[in-house]
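Engineer: Same order as they appear, the protein sequences are chains A and B. Take the first sequence: its letter number 75 is residue 75 in our numbering, and every next letter is one higher. Take the second sequence: its letter number 49 is residue 143 in our numbering, and every next letter is one higher.
Do not take every clue at face value.
[Unchecked claim] Where chain A lies over chain B, by a calculated footprint (3+ residues, C-beta under 8 Å): (1) 384-390; (2) 395-402; (3) 464-476.
Simulated from the structure, these hints should not be mistaken for laboratory data. Since the structure is predicted, the reported quantities are computational estimates derived from the model, not experimental observations. Idealized CB from N, CA, C, for every residue including glycine.
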Amino acid sequence: MSDNPKEHIIICRCNGVTLKDIEDLIDEGITNIEEIKRQTHIGMGPCQGRTCIPMVASIIARKTGQRIEDIKIPATRIPVRPVSMGILVGDNDE
Amino acid sequence: MMNKADVAIVGGGIIGLFTAFWLAQRGERVVVLEKNYPGSGSTFRCGTGIRQQFGDDANIQMMVRSVEIWKDFCKYMEYPGPASECFTFAQTGYLFLLYSESEISEFSKNVSLQHKYGVPSSIISPEEAREIVPTLDISEVMAAAWNPTDGKASPFLAIRALVDRVRDMGGEIYVNTPVTELLIEKNTVTGVKTSRGEIKADMVLNATNAWANALNEQIGVRFPIEPYKHQAIVTEPFKAGEIKPMVISFKHGGAYLTQKANGGVIGGIALKYGPTWDISPTYEFLREVSRNFTRIIPALKYISIIRQWGGYYAETPDHNAILGKVKEVDGYYIAAGFSGHGFMLAPAVAEAMADLMTKGSTTLPLDFYDPYRFQRGELREQAIQMG
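Build the full structure now, drawing on both the sequences and the hints.
Structural biologist: What follows is the structure, encoded as structure tokens:
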């Protein structure tokens with residue numbers, strides 16, 4: 001196990017992305033949340049970013065000296081919550 | 095910022111970056127100009143499929159070469175760590191489900207043509223198809239076209255590897271740097287004007303796919319490329335390996351679906367909107383994709399869709415790309431209008447473009463994609479447009 005505590009702080013529970021993963025990308029100059037999403041798959045798991053995106057936005061704000069309200073958040077898309085294909089086709093008799 | 099390059103490439107997607115790689119490997123000084131971030135246009139929105147099962151000579155030949163390169167991608171990228179961590183081109187095959195005599199006869203013809211180029215495809219029985227994907231509903235399936243050497247790959251890892259490799263080789267990639275104008279003197283391109291200043295270049299490649307005509311307007315050239323909204327979905331993960339190949343059914347809305355390495359299903363249907371620049375997801379697509387997917391694999395009704403997104407197919411009238419020299423201005427080239435096949439075709443298309451730009455010719459069948467075929471009224475047979 002690494003001694004770097006940032007490797008043990010999970011930011012995205014769906015895809016196991018740590019604080020260190022996020023900070024490393026920001027240190028590389030990748031500060032656009034859309035690009036961080038595509039590099040690490042934050043916001044792409046079952047929670048669709050409802051847990052991790054606000055945290056990632058605050059990490060970017062802290063590390064780049066921006067105001068959190070100036071961080072552009074990725075588009076929210078349907079379905080808002082995971083929906084089974086059975087429900088979507090009206091096959092609801094389980 | 096670099097102020098002089100041999101080649102300036104406009105567009106940092108899979109086509110622009112792969113061409114930059116081949117050119118840099120031949121000692122050319124390349125600069126890639128990307129208006130947003132690498133992969134942000136169409137590459138990161140793609141369905142991830144890589145297949146040789148086309149129905150015409152040129153696309154089959156290009157894809158055979160592409161698959162050779164995809165297989166050795168990590169070697170080309172000189173990835174320092176273990177290959178398993180570099181990039182996975184999973185050769186899990188493409189399975190076209192066939193539901194009628196006419197589909198079987200069409201795909202039998204395609205298979206014979208594919209054999210000419212060494213593609214190991216075949217027509218198999220419904221039972222054999224179910225051995226490959228045990229959860230398939232084969233009650234109406236009459237046969238399937240199967241090629242085990244087709245597959246899929248992650249566009250995220252591919253772009254990341256190319257960006258690192260091109261930079262290692264001395265190429266420059268500028269992000270958030272839109273190109274606003276071609277610089278032209280005496281009918282010869284001399285560079286590009288960007289948001290950060292001018293860059294001189296002996297050659298310019300327009301690799302902006304759906305956006306290609308924006309740059310062409312300046313020289314009064316317009317190729318028939320229109321943006322259509324296509325969408326895809328991904329599901330929650332479940333046990334990986336249940337749906338290994340890309341499964342295709344024209345009968346079910348032109349559906350394509352496969353399971354990713356992490357266990358989620360990725361796929362879509364042919365339902366499209368356009369021409370349009372709007373790529374917002376539609377409920378109609380969500381409902382139709384569910385209806386069609388659950389008919390192909392009924393057990394999917396228990397699986398939840400977690401995300402849906404849109405992207406562009408930069409479509410041409412025959413669904414084949416526009417590749418070659420732009421005759422109106424010396425030194426100006428185009429590789430655009432991929433109609434949904436840019437990711438899979440990229441390695442070979444990029445190699446052919448690098449050949450054309452450095453040697454003036456290529457052994458790959460680039461003429462098939464001649465930008466001026468539409469002007470001459472020579473539409474190609476439509477490419478099989480699917481996943």
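Engineer: Decide, hint by hint, whether the structure agrees.
Structural biologist: To see whether the hints hold, each was checked on the structure:
Check on the stretch 384-390 of chain B: 4 of its residues sit with their Cβ under 8 Å from a Cβ of chain A, so the three-residue criterion for coverage holds. Three residues within the 8 Å Cβ limit are the bar, and the stretch 395-402 of chain B against chain A gives 8, so the coverage statement holds. Note: the stretch 464-476 of chain B has 0 residues with beta-carbon separation from chain A under 8 Å; the three-residue rule is not met and the coverage is violated.
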